[in-house]
Structure formats: C-alpha cells, structure tokens
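Chains A and B, in that order, are what the protein sequence lines are.
The opening residue of the first sequence carries number 1 in my numbering; numbering runs sequentially from there.
The opening residue of the second sequence carries number 815 in my numbering; numbering runs sequentially from there.
No lab work stands behind these hints, which were simulated from the structure alone.
Even glycine gets a Cβ: it sits at the ideal position worked out from N, Cα and C.
Keep in mind that a hint or two might mislead.
What the hints assert, rightly or not - To be clear about the criterion: a stretch of chain B counts as covered by chain A if any three or more of its residues have a C-beta under 8 Å from a C-beta of chain A, and this derived list gives those stretches:
no.: 1; segment: 983-994
no.: 2; segment: 1081-1094
As the list claims (entries may be wrong) - Straight-line alpha carbon distances no greater than 30 Å define the calculated BS3-like cross-link-like pairs of lysine-lysine that follow:
no.: 3; chain 1: B; residue 1: 1283; chain 2: A; residue 2: 622
no.: 4; chain 1: A; residue 1: 74; chain 2: A; residue 2: 115
no.: 5; chain 1: A; residue 1: 624; chain 2: B; residue 2: 1138
no.: 6; chain 1: A; residue 1: 707; chain 2: B; residue 2: 1222
no.: 7; chain 1: A; residue 1: 737; chain 2: A; residue 2: 707
no.: 8; chain 1: A; residue 1: 240; chain 2: B; residue 2: 1182
no.: 9; chain 1: B; residue 1: 1131; chain 2: A; residue 2: 362
no.: 10; chain 1: A; residue 1: 197; chain 2: B; residue 2: 1182
no.: 11; chain 1: A; residue 1: 362; chain 2: A; residue 2: 315
no.: 12; chain 1: B; residue 1: 1003; chain 2: A; residue 2: 622
no.: 13; chain 1: B; residue 1: 1003; chain 2: B; residue 2: 1182
no.: 14; chain 1: A; residue 1: 737; chain 2: B; residue 2: 1286
no.: 15; chain 1: A; residue 1: 156; chain 2: B; residue 2: 1222
no.: 16; chain 1: A; residue 1: 622; chain 2: B; residue 2: 1286
no.: 17; chain 1: A; residue 1: 737; chain 2: A; residue 2: 466
no.: 18; chain 1: B; residue 1: 1283; chain 2: A; residue 2: 707
no.: 19; chain 1: A; residue 1: 624; chain 2: B; residue 2: 1182
no.: 20; chain 1: A; residue 1: 730; chain 2: B; residue 2: 1222
no.: 21; chain 1: A; residue 1: 342; chain 2: A; residue 2: 314
no.: 22; chain 1: A; residue 1: 568; chain 2: A; residue 2: 622
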Amino acid sequence: MKNSLYFIGNAHLDPTWLWRWQEGCGEVLQTFRSAVDRLKEYNDFVFTCSSACYYKWVEDIDPALFADIRELVKEGRWVPVNGWWLQPDCNMPCAESFARQALYSQLYYREKFGKICTVGYNVDSFGHSAMIPKFLNNAGMRCYVMMRPGSEENPKIPEGLFWWDSPDGSRVLTYRIPGSYAESGVNAIDSAVSSLKEAAESSNHGMMLFYGVGNHGGGPTKGDIEHLTAIKNEGYGSMKFSSPEEFFEEQCSLPLDIPSVDTELQHHASGCYSATSVIKQMNRKTENSLVNSEKWNSLSAALFGEKGATEEYKKAWLKLCYNQFHDILCGCSIMEAYEDAKLQLGFAQAIAQDEENRALLKIAGQVDTWLDGVSDSLSLSERHHCRNLDYPRPVIVFNPLSREVTTAVRTYHPSSKVTDCRGRDVLFSNVRSSRSNDSHEDTVFLVKLPALGYALYWLWHKDSGKKSSAAESPVKAGEYFLENEKIKVVFDSETGGVSSIITKDDGAEHLSAVSLVPTVIDNSKPDTWAHGIFSFHDVIGTAKPESIRVIEKGGARAVIRIRHTYGKSYISQDFILEAGSEMLRSKVRVLWQEPLTIVKMPVTVPGENPVPTYEIPGGFIKRKANGDEDPALTWGDITASGSGVSVISDSKYSYDCMGNTLRLTILRNSIFADHFSHRPDADFAYCDEGLQRFEYGIYPHSGPAEKSNVQLYADIMNNRPVPVPAGYHKGALPAEKSFITIDRSNIRLDAFKQSEDGSGDYILRLSETAGVCTKAAIVCNVIEAGFYADFETMETKTFRIDSEGYVTETDYLE
Amino acid sequence: MEKIILEPHFVRKSTHFAPDDPRVPGQLGTAVCEVPDLSDFPLPLPSKKSDYTCSVKVGNIMWLGAATGLTRYDPDARYDYDRVLYFSADRDLKDNNVKAIYADDDGVWVKTDQAVTLIELPVMSAEEISDVLLRETLRYVSRHSMISHKYLSKPGEHDSILPYGSCDNDGGFTSGFCLGEIYRYAVMKREKGADSPEAKDALAVARRALDACMLLMYIHGRGDGFVARSYSTADEPLPDDGIFFRRQGSKAICLETTETRSRGIVGLEIDCSAPIPEHLKYLYEEDGYTLDDIYYKCDTSSDEITLHLINLLFAHKELGCDDKELDDFIKVTASNIVNHIIDNGLTLRDYSGEPTTWARWDEPYFTKELGWVDAALNSAEVLFYLKAVMEITGEEGRWKETYDYLAKERGYADLPMKHFDRLYQQSMRDNMDPAEEIMYGDHWLATASLFGLCYLEKDDDELLEKYRKGYKSWRSSIAREHDAALDFLYLIACPDDDTDADRVREWFMRANISRLAAGVSLKGRHDIPVRTLRQGYREISTLPPQDEKFISKYDRNPVEYKNEDSGGLMAIESCYVYTLSYWMGRYFGFIG
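For reference, chain A alone in the conformation it holds in the complex (with noise of 0.2 Å):
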C-alpha cells in the first residue's frame, strides 16, 4: 500500500475564463453528466469534482441529474471535494471571505451529502498565501491538493505529500500534483504514470495521478477509463481508481516521513496580483461593505429584538465568493466578463448597503438627539434648505471597526462651528464639494469614535452666525510641505514626489530618496499572467509634474494637489494630512491610456537590513527584499535599522521590494486574457485602460511593520466611518456608544452576524494581527455577553453566543 498510484478522476472546470459563466454553467452540467455516465459504465471508476458552486447548478438546473449524483455520492463513487464555493484565488480574498467561500459551502454539502468535505483542493489556483491552512483547518479540513506553482517555477515546495503550517499552529497534510491536474490520453497517462511509479518509490509514499479532459469541463474519457484499468491489470505494486479522501486516509495510516513547509507557496502569474484593477476594487469593496453591513445588521436585530437578513446576506456572499474563482479575481477572463462580474458585485453591495442603511437608521433613530424648541415654525427660506439655522444639525457619525478610532469624516453642506456630544468643539475644514450646486461646500471634521459604536456631533450651519472655539489647527501646509503635529511631509518641485517624511516624536527621516513619483515600466513581454516572470523592473520613465498647488489649509486637514503626466496620461493626486494622523493619504485620480505599461509607487528608505513586510489574508509575512511581486492585502512596508514606512491601499493588492525600496503597483494595463502572448492583430481590450479612482497612504513608524498602527490605519482606510445625518427626536440610546468592545488593540474582529441555522444565536469572529499570543476580554452588552479567550499568533476564532448569553467556541461552520 505504501507505494501505490492512487488514480482521481476528474475534470477541472473553469466556470469563466475565456469563456462568461453562462457557458461555464452550461460545461458544468454536461461534465457531471458525462461523469455519472462514465460512473455507470465502470464499476471501479470514481469521481472526484470540487465547488459547491457546481452542485449547486445542477441541483437547480438538472434535479435528476443531481438526484443521481446524491446517490452516488453516498456510495463513495462520487467524491465532493473542497469544501468552498469555488477555486477561488488563494492570495487576494480577505479572511472573511475564505470564512464564508467554507461556511456556505460546507454547510450545503453536509445538507445534499450528509458529510462536509474533508479535503481541500484548490489545484489551479495562482499560489497560495501562507494562512490557507488556518481557513482549511477552520472550516473542517485538513488535507488539502494544490499543484501551482510548478516545479520549474518553485522548485523549493516538496512534490508529493508534505506537511504545511501556519503561523497559528494550522497544519494540513498537503499534496502538490506533480504534472498536472489534467492527464488524458494515453500518451499523457502512460508518462505520468512512469514518472509517478519513481516518485511512490522514492518518496516512501503513494502518489495520485490526476485524470481526466479539463478547463473547460469534460472529464475522464472512456478511453482514459480503459487505459488505466488496463496498466491496473499489469500489476505495479498497488494501482486503483479512488479519491483524494481515500488517498490521504490510507497515508494517515502509514509512518509518514515528509518535510514540513511553514511558509506561502509562491510564485505562479504574478501578474495577477495587479492585472484589472477594477475587479481588485470591486473585490475589497464588496468585501468591506459586506463585513460592516453584517455588524450593523446584527446590531440592529439584537438592539430591536428582529431577525438578522441572514438569507440576504448569504446571497450577497456567494456572488462575491464566486467572483473570487481565480481566473476572474485574478484579472485573466475575457473583458466581457468583467460587465458580468461588475453586475454580480453591485448586487452584493447593493444588498448591503441596503441592510446597512436600514440598520444605521434604526439605531440613529434611538438616539436621543431632541432640542427644546427646534420644532418651532421656520421661515420659508430655512424650510427651504431644510434647516433651522438656530439649532445644530445632529450627525451620528458610525465606527464599524473593533477599535476607538480618530479620523476625519465627511457630511454635506457647509459649517461654522462642529461640537462633540459632550459640547466640546472639534475642527472641522469647509473643503470644496464634488458638487457644483448649493454653497458647493462640505463639512470635513475630526471625530473620535468608540469600537463598533457611534458618537453624536453637532454641525451648526456655516450661516448660523455661530463662532467656533476649537483650538488652532496643528495642520499646515505650504508651497511644498505638510504637517501636523505627527509628521512633516515635503514634496520634490522637480519631480513631484515626496522627499521628506519626518515623524515628529522621534526626529526620523523616513526616506533615503524622492518617493511617490509615479514610475512606467514596460508590460510589453508578460501576459496577462506574467507567465514565467516574477519581477518587473523594466522602467521606461517616470511621470512628469505638471503642477504643485495647496487646495486646503488648516481645520481639520490641510490638501496638496501634485498633477503628473505621461504621454496621453495623467495622474492627479490629492496629498491629505488630517489633524492628528500619522498617515499621509492620497486620493488618486489616473486617467491611464498606455497599452502594456505597469505603473508603480516607489518608497525608499534609509538604514540597513531592510525587511518588507505584508498583510495577507488572515495574518501578515516578511518576505525577501529580492524584486519578487508580491500579493498582498491592504498593506505593504519597508522596515530598516528600526524604523519604516508603509503603503496603505484602498483597493491594490500587488508590491515589490528590491534593496531599500517599496514599491506599489498602482496598475498593470495588460491586454485581456493574452495567454502566453499571443498576439494576433486586433484592436486590443486593455484591462487598466481609463479612469481609475482610488486611496492610498504612506504611514511612517518606529519598530516592526506588524507591532505599529499600521493594522489601525489601514482599517479605517478601508473601513470609513458612516456619517448620518439625524433629526431631533428623543431615544433611549446615549449619545455615543460601543456595543463590543475588545481590550486588546491586536484582537480584531472579522465578522458579527447571526448564525445560520436561524437559531438566532450570534456568531462572533475574532483574529489576533500583530504575532502575539494574547488573551483578550471581549464584552458585547447588546447580547448580554462577555468573555475571554487566548489567541496564538495569528490565530482566528469563532464564537457562538446563545440568547443567555453564555458562549461556546466553534469554527467557520458555527
């Protein structure tokens, strides 16, 4: 047994590629069709197939057909494997999102199937980010297939059987495909089974040879059937047709010597951690605005005794869960499927919005905010502008985030004085509207919010006459500098960049050179992938100034306004210093009309040793300082000698860092679905071509990346508060309030929802950020509960709260 070929049959189907996912759907049913025929011509032959997505399809489409499939599931024929939604890509979903890609999915199988998944199999995925053992483990699994990267690409990662951990102590028994998922014919199988014989006896361990037409669908073929029956027969050692379940039951049981890997498994198109930017926008936000609009949903209920829109929810999710399938989140489909993949994700953000708004609104309107006399009669002209300029308009600015959080928001129309509900006043700017109506103003103003909470401000009308005593602003800005009382910030007039970022606690420079000037590099030789290449370093020139201006000045923030050109581009950039923050933020416009180009943000900064460290999902890495891209979430930083610098993005996913420089891809204007450059002449597609908006922020710290605010920064980045514009009314909820709250800064919560099996229990998710072992109090007086729990590194947990509030850990599937 030790040495046997286990052979898995099966068919790998990419629901969209080069293809919409109405033809994919269409592929799926005639696979499992095909398959359930072959099932029924061979007795020995089984089946093995992933995504509860699929099942799903059939169940709807084809009830006879899925009948068929239950049955032979049951008879251990028909092998369900990979307890998500889809293959999704393994390094750009949040933590949530592979939380839900198992919770959803598992919690189907086990309904249609009587059983979870047990494997996970995610064979075509584009590398995997060193937490996946974590979201398998989680979610019920602990062996998991993958095969990319290849060997030529990362000859490091072991072929066969390994261990691979996480840094939360997360294992699972791997296997990486030698070959390819995808063998057929006999030519195909009969080296693939030479090869695999040496591997069983070199490794002390079976190996599977992986079957069937793949890609777009199909499956083992009869003569693929017979072929194998037939090498079978011949005798070698211990051949036979079987799963990945079985395979890994059967090498449980033998004294395994394999190595241990304990880091990600990379790299395999690292072009896809930039290509098509608006997919990674559409993704993080979609993303976000689910997450939050959960917290205030559940919120909601159990503040107003309701039933949470769980069903709502998990319609949103899945639409997200399957937009992540590789090839689509990964920016490598067709064009046209990214109107379907737009579409899909607006429906998802619709809902949430939706709840989040309903949500929002109740609780606003429990809030005591009532004036004596603000009902007295208005004048025309105040009913007009819908305003009693005698009394100060109530904003409840909302804080979604786990932690106290100090940020500028935004609420139309103009102001004269912003108090606190404590009737202390704040600063605030009057900064210039995206309108071109009314006064063409907006109120900016600082808050400081309690975790998962709200406060009440007061905004009096810039024409109450009303004077504001807030203490001189700590912002200024001139021809080419910002600061507050955090950090100065000077910008280069030759280049536009920044050459100067100096923390003012600490007296530290934070860069060695001009930063920020937005630098072209050639795309021409990549694919949309960038198959076979990993670093891209070609630069054809860097942007040009255009102009410098200061846009704001003092209040709550001071703006300066760097427009850069290159050829038929531009990139215009709004440099942000709120007061108090120690983020420089940038709100980008770009209008990018360069075909295969690549456009990055450098940062350079000065000492030795530098270290680039990385969010990723469900914990951060440090890499090597080597050129690599890199994928990562909503941060990237460069620490060395002690000190560094992070870039925080709203909606990029893709870094490099070579030496003492970091840089961020802003965008990577491939031409669609080029596989392997190919390129007959056509007029080309380009997947970052025109008008992008987005943020990001440059964060100067002391000390390790991960041991800093930048978690914090990113966050609200992310994250922003909600402000909402209230009436007067009396409530029984005081005038700022959190509702959880969680006494470590580094304990953060990924998700508060209802559960799923309409028990109404409430599900509360909790990661540690920072590397350390931590034990937290967590209190949630809006259920009645409170409690405490330890955290390892890195590690997630899940927590079921019952209607007495008592709490029992569990996992992904609640």
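The hints should help you fit chain B onto chain A, whose structure is shown.
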C-alpha cells in the same frame, strides 16, 4: 522575556461559619440585597448578569453576589487580571447561591445556602507563598520523604489525611520537588550565604528529597542500576496497579495484583541481595521499618528516569560542589542508571530480564506503532541521559561513544524534530484534534530532556540547532499551559523566542496558598467559552488564573473543562508546581 518583579499580592483566604455562629456579624442578616445595575459593565462577568442579586461597595471595589458565585470588581487594579475575581464553591464558598454580602474590617462576609463565609485577601510575597506551600507539603504530603500527593478521608480537611497512598510517579514527582529545593538552596546560598538559616533549611529539605529519590535506585536490591518507581511499607495497602515485589531477606517475592496474575508471576522470587547504601537507610528506619517491611513497584517508565537525571544534574551542580561525598554518590548513581540502559540495549530491564513496558529508547521500539510517536521524546531522553552523566561525572568514555553514535549515526538527534509531525498524523489517523492527543505528562519530560540537551550541548552547533528545533516542535502544546517553569526553561534553551511576561506574572500572583483539593465552579461560567473537540473532549478557550482553576501537577490538561481538582475532592497535592517555578525563576534570573 523581561525580568519580572513579583510585588506582594493578595491571596485568597476563606473561613466558613455556620449561619448561626455568633462570630457572624448581625448586619449580614439585615444587609439590603440590592440588585446591581450591570448593563454597561466594562468587562466579562463570571456569572450571567441576571444571576446577580446583591452587591456591596467598599471604596471603589464592588462585591457582587449571584446565584452562581461571588464576583469582586476593582476598577483600579494595577493589573488587568486583578480587576475581576470570581469566588466559587468548593474552594472559596460552601455553595454558590450568594444571598447577602456584608463588608467590615475583617473582610467580606458572604451568606450562601449552606454557610457564611468570611473572605479575606491578605497580602503575601511570592516567597512567603512558596514557604506556606512548602510547609503544607512537608507536613501533609510527604510519605517516607517522597513527595507526590496524599488522599483524604474527608474532603477539604487537612487532618483527615490518610497516612498511606503511594503514587505511580512518586519518583518523578519527588525529583521535581527536590529540584525546586535545590534551586532554593542555590539562591539562598548566593544571596544570604551558605550558613544562613534560609540556606540551611533549603539544603536540609533538598537533601532529604534527594535521598528519597536515590533510595529508589537501590531499594530493589538488584544492584544493576535499575530504578524502582516507588515503595511502600507492609502496613500500607497494596494498590492493584502494576507489579510489586516484597523484600524478604535476600529475595523479593512478587505480590498478587491483577497485573501479576495476568502475567502469571505471583510468588515469583528474584534476588535482592545488593546492599542498600548506609546513608539512605534512615528514610525507612526512622519510622521503625526494616527492609523486610518494604515492597517496591518495579515496572518503571522512562518518565522517572528523565526526572531523576535532571534532578541529579542540578544536585551535582549545586549540592555536590559543597559535599564531595554526596557528589561521589551522585556520580556513581547516575553512572549506574545510564550503564544499565546501555548494557540492556537502551531499555530498562524488569524482573524478567525483559524491557519494562514504558522505558524503551531502542530503535526496534521506535518502529512499532506506539514507539513511532514516542520516538521523538524518547530519543531526546536517552541523549540527555548520556549528556547528563558526562556532565555529572566529568568523564566521557562509552557515554560519549554512545551519544555520538546515537545522535549522529542513528539519527536520534533528528527524531525530536518529528514530534509534532507524528503527533499530528496520529491525531488524523484517530480522527482526533491534536489537542486530544496531547499527553500533558510528557511536557515536563520533553522540557527536561530538550532543555537539558540545549543546556549541555556546548560543542556541536549542528546538534544544538537540532535540539532547539526539536524543542520548538513541542512548543505549541507546552505553551498551552502558560506554566512559568516550562516557559523559563524553554527561554533558556531557545533565546530567540519569547513569552508573555504578564502571563508569567499572573501565574505567580494569582496562586493558591494551599494545595488542598477543593474544586472550583468552572462549568457554567459565563465569561469562559467552551469548545468541543472532534472526539467530544471539552476544553475552555482561555486559561483562568491559578486561583480560579482546578489544581494539578504536571500531568493534566490545564484547559480541561472540569470543576474537580486532580484527585477529586479527596486529595492534597504537592507544592512543587509553584515552588519549582518560583525558585527556578529566581535561580535563572527571570524573577527579580
């Protein structure tokens, strides 16, 4: 880890009274039971909010009574872990239904269904706590100077201690106790001088415990380096647990137990003519026993050997330096044990000439199903024995040859690194969570062996690196305990790693001042989540402070979801969990 300072800290003291006891203040009966408003309470509460029925405020400190126990809230406490305390039955209260609370100068009087309890929080230093625990152990737990635990005839009553009650691991536990006392002696000698009363007291306690351990190496009279697990005297009941031989003149006769019946060896006679060292005889003679009164337990495991050797290592280092005669005896004893193991093919040979069940360090055992998982620990153990005996004797010879052969040629130095791999694979095979596979008793054995190897391997960086990796392979499960001694030794061996100083401080500051079993009300706590593992075993999601969890030695899962102390309500445990950690911390400089 930064050096920690252990300031004097409160400890819990409960005194129970009958409700009609005249010492109970009358005000308790008339205390107004106001239901406290806890709607925005800022911290997790041990009881459900609606269970709280009464409260009293003393300064800023609030005492809250609930149907499920008593809570103390100090918003100004210096340390987070002192802000909310939970008092529960049976350790703190007679029962959990708190009906009234009254505070006076004596403390807080708590009326429950069955009694009135006076709760006091006297302040003690860590050294004072160590001393209180030590005296309790010496008075109640010592049995023929072996220190493990004792049983009671009445729950919670020191004076109901049964005079007998051997333990399977008497040898190992006594070694652990002894090691703590050796560290105490070394610290006192360093700080106050060898002639100080404190140093002399520590030396006396350490010497007696060391003698008790070493007697086990001779009590069987085999003269071959074998080590008995434990021994009892004829007036103690024979436990039906394993294999025992009763000494009769120059022969030892196998006694009847279930195990010996199944092996068919009841009445088997073996030689026991090897002499007992004269200076150890006092341990049984002072109580009026002779050798013929003794029966010993013989199916010794690797556990005892490991703990004896780490104890002998530090006894040599800290006691032997002042006492050549003792040091020579330590050298001979350690040599005897290790030679026995080498001479018997890396096993401990039992009465039959066959290996004992659990003392095998040989390769054939490592290829068996059980041995395959054990190999990661046992390989480290035997390498440590060899390294330790070289250090103790200052000689190399066959020990060095064996060490090099095993470590380098037979791959023993690589095996410790496989611990987690094998444990994890076993858990997959058994469909268990890895946490369900952990043997908590192994943590001290792995710590002793791998710390010992890292501490002693000064010549070969490659081997040292392997031992460190091996140690790290254990770390995730050892770290679950948040045990100070386990953490200290790990940090010495793996200085590139760190641990949370606050947790260590909490571990000491929130200690119990008695090792008398009583049990706590862990089940039903509102502030501690419970999780169910694959095979139904239940754990809690956080390790409570020592004074709110059950007591045990180094052999229990500290996050087990259970109310009962080790041994239930009818036991008293050895103090060495605390004393060893405290004096080790002082000895190695972790505690300032």
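Checked hints:
With 0 residues bearing a CB less than 8 Å from a CB of chain A, the segment 983-994 of chain B misses the requirement of three and the coverage assertion fails. Under a criterion of three residues with beta carbons nearer than 8 Å to beta carbons of chain A, the stated coverage of the segment 1081-1094 of chain B fails, only 0 such residues being counted. Proposed proximity of residue 1283 of chain B and residue 622 of chain A is supported: the alpha carbons are some 20 Å apart, at most 30 Å. This hinted pair checks out: residue 74 of chain A and residue 115 of chain A have alpha carbons roughly 10 Å apart, not beyond 30 Å.
A distance of roughly 56 Å separates the Cα atoms of residue 624 of chain A and residue 1138 of chain B; the hinted pair therefore is violated under the 30 Å criterion. Of the pairs offered as hints, the one joining residue 707 of chain A and residue 1222 of chain B is violated, with about 41 Å between alpha carbons and a cut-off of 30 Å exceeded. A hinted pair counts as satisfied when its Cα atoms are at most 30 Å apart, and residue 737 of chain A with residue 707 of chain A qualifies at roughly 28 Å. Distance restraint check for residue 240 of chain A and residue 1182 of chain B: the Cα-Cα separation of roughly 28 Å lies within the 30 Å cut-off, and the hinted pair is therefore satisfied.
For the suggested pair residue 1131 of chain B and residue 362 of chain A, the alpha carbons sit about 72 Å apart, so the restraint of at most 30 Å is broken. Between residue 197 of chain A and residue 1182 of chain B the alpha-carbon distance is near 27 Å, which keeps this suggested pair within the 30 Å criterion. A hinted pair counts as satisfied when its Cα atoms are at most 30 Å apart, and residue 362 of chain A with residue 315 of chain A qualifies at roughly 23 Å. For the given pair, residue 1003 of chain B sits about 47 Å from residue 622 of chain A by alpha-carbon distance, which is inconsistent with the 30 Å threshold.
Straight-line distance between C-alpha atoms of residue 1003 of chain B and residue 1182 of chain B comes to about 48 Å, which puts the hinted pair past the 30 Å bound. For a cut-off of 30 Å, the pair hint linking residue 737 of chain A to residue 1286 of chain B is broken: about 44 Å separates their Cα positions. Between residue 156 of chain A and residue 1222 of chain B, the direct Cα distance comes to roughly 26 Å. Compliance with the 30 Å bound is thereby established for this hinted pair. For a cut-off of 30 Å, the pair hint linking residue 622 of chain A to residue 1286 of chain B stands: about 20 Å separates their Cα positions.
The hinted pair formed by residue 737 of chain A and residue 466 of chain A meets the criterion: a straight-line CA distance of about 28 Å does not exceed 30 Å. Between the alpha carbons of residue 1283 of chain B and residue 707 of chain A the distance comes to roughly 26 Å, so the proposed pair stays at or under 30 Å and holds. Our distance criterion of 30 Å between C-alpha atoms is broken by residue 624 of chain A and residue 1182 of chain B, whose separation comes to about 42 Å. The suggested pairing of residue 730 of chain A with residue 1222 of chain B is violated, with an alpha-carbon distance near 79 Å, which exceeds 30 Å.
Under the criterion of a C-alpha separation no larger than 30 Å, the hint pairing residue 342 of chain A with residue 314 of chain A is consistent with the structure, at around 18 Å. Proposed proximity of residue 568 of chain A and residue 622 of chain A is contradicted: the alpha carbons are some 38 Å apart, above 30 Å.
Hints 1, 2, 5, 6, 9, 12, 13, 14, 19, 20, 22, counting from the list given before, are not met by this structure.
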